[in-house]
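Given chain A, work out where chain B should sit, using these hints.
Each chain is listed here by its residues.
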Amino acid sequence: MASFDGLGDILADALAEAIATVTGINLEHMPDCSQNFFGEIIGAMVLSSKKSGILFISANEKDIRVLCSNMIGASEDEITCGDTEDTLCEFVNMTAGSAKLRLSDPDYRFVLSSPFIIRGGGIEVSTKSRTQVISKTLGNGEINIRIKFIC
Amino acid sequence: MKLLAVDDSSVIRKVIIATADVLQIETIEACDGVEALEKLSEYYDEIDLILLDWNMPEMNGYDVLVAIKTSDIYKHIPVMMVTTEGQQSSIVAAVRAGANNYLVKPFTVEELETKIVECLGKGGNF
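If you read the sequences in order, they're chains A and B.
Residues 15 to 165 in my numbering are what the first sequence lists, from first letter to last.
Residues 6 to 131 in my numbering are what the second sequence lists, from first letter to last.
Next comes chain A alone, as it looks inside the complex (with noise of 0.2 Å):
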């Protein structure tokens, strides 16, 4: 049965796989030093079940441009705003699709929304204090990536 917080590493490690799986890029966990920060675009989607929550992925357009540019064969010039979007919605599909098959326990059944993507600097996400955030952070030095579950 997961906690909440093995919950965060599952999410985070489902992540890393997908990276790793569809563009070849090695992601390590890092410390997560700035827990309201928010990169430019973020992908979320909504997960219900007994504990429903938020999922967010988040990280600056250059990176996901890298990470699109890796993952459909393409040079970074070649790679729109619409392929970055669908790019952090597939990331966040993949993860949240992944996290459900290692997840037994029946409060995480989740039923997944379709993603979406939120853009902007300088988001921040403010909760109620008994509202439980999970808040973690991949990168390889280049590359960082946020991934933030509000339950």
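Some hints here could point you the wrong way.
[What the hints assert, rightly or not] Listed below are several chain B residues computed to face chain A (Cβ distance under 8 Å; list not exhaustive):
| hint | residue |
| --- | --- |
| 1 | K7 |
| 2 | S15 |
| 3 | I17 |
| 4 | E90 |
[What the hints assert, rightly or not] Computed footprint of chain A on chain B, listed as stretches where at least three residues anywhere in the stretch have a Cβ under 8 Å from a Cβ of chain A:
| hint | segment |
| --- | --- |
| 5 | 18 to 31 |
| 6 | 104 to 114 |
[What the hints assert, rightly or not] Each pair of labels, with its calculated beta carbon distance range:
| hint | chain 1 | residue 1 | chain 2 | residue 2 | range |
| --- | --- | --- | --- | --- | --- |
| 7 | A | D46 | B | R101 | 41 to 47 Å |
| 8 | A | S128 | B | D50 | 29 to 35 Å |
| 9 | A | S89 | B | E63 | 30 to 36 Å |
Since the hints were derived computationally from the structure, they do not count as laboratory data.
It should be emphasised that the depicted structure is a prediction, and the values quoted were computed from it without experimental measurement.
All residues carry an ideal CB built from backbone N, CA and C; glycine is no exception.
Quick look at chain B alone, frame taken from chain A:
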């Protein structure tokens, strides 16, 4: 040879097109289930394989699969589900509805290539 790639993600369709190009297979694209059936009615006698996402707007991949496999005109075309729906229950449901093969996202280009070749070489079955 031609395949029909049905996915609401243009990035996934680009990955499929690039992989099919290597195999010298032409790709027809559809971004949802409704467009998939429209393309199928237009090109059904040219399409050798359908790659079908599950979660899409308008009409989902499972409903498209059922429509294909209950049609006397389309049911002979092999269908491979390409989806994040990796639970055993989803795979069983798809196979019962007539899916010939199943690929869970995330996948590598090599895995996709192998599955396409497998589908085309063995009449589409697992």
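So, going through the hints one by one against the coordinates:
Among the interface hints, the one on K7 (chain B) is violated; its C-beta lies about 21 Å from the nearest C-beta in chain A, farther than the 8 Å criterion. For S15 (chain B), the interface hint holds, the least distance from its beta-carbon to any beta-carbon of chain A being 5 Å, beneath 8 Å. Below 8 Å, beta-carbon pairs count as interface contacts, and I17 (chain B) has one with chain A at about 6 Å; its hint therefore holds. Interface hint at E90 (chain B): satisfied, since its Cβ lies 7 Å from the closest Cβ of chain A, which is below the 8 Å cut-off.
Counting residues of the segment 18 to 31 of chain B whose beta-carbon sits less than 8 Å from any beta-carbon of chain A gives 3, enough to reach three: the coverage restraint holds. Under the rule that three or more residues need a Cβ within less than 8 Å of chain A, the assignment of the segment 104 to 114 of chain B holds, with 5 such residues. Between D46 (chain A) and R101 (chain B) the Cβ separation comes to about 44 Å, which falls inside the hinted range of 41 to 47 Å. Separation of S128 (chain A) from D50 (chain B) is about 33 Å and conforms to the stated range, judged on CB atoms against 29 to 35 Å.
A C-beta distance of roughly 32 Å is found between S89 (chain A) and E63 (chain B), which places it inside the suggested range of 30 to 36 Å.
Of the numbered hints stated above, the single one contradicted by the structure is hint 1.
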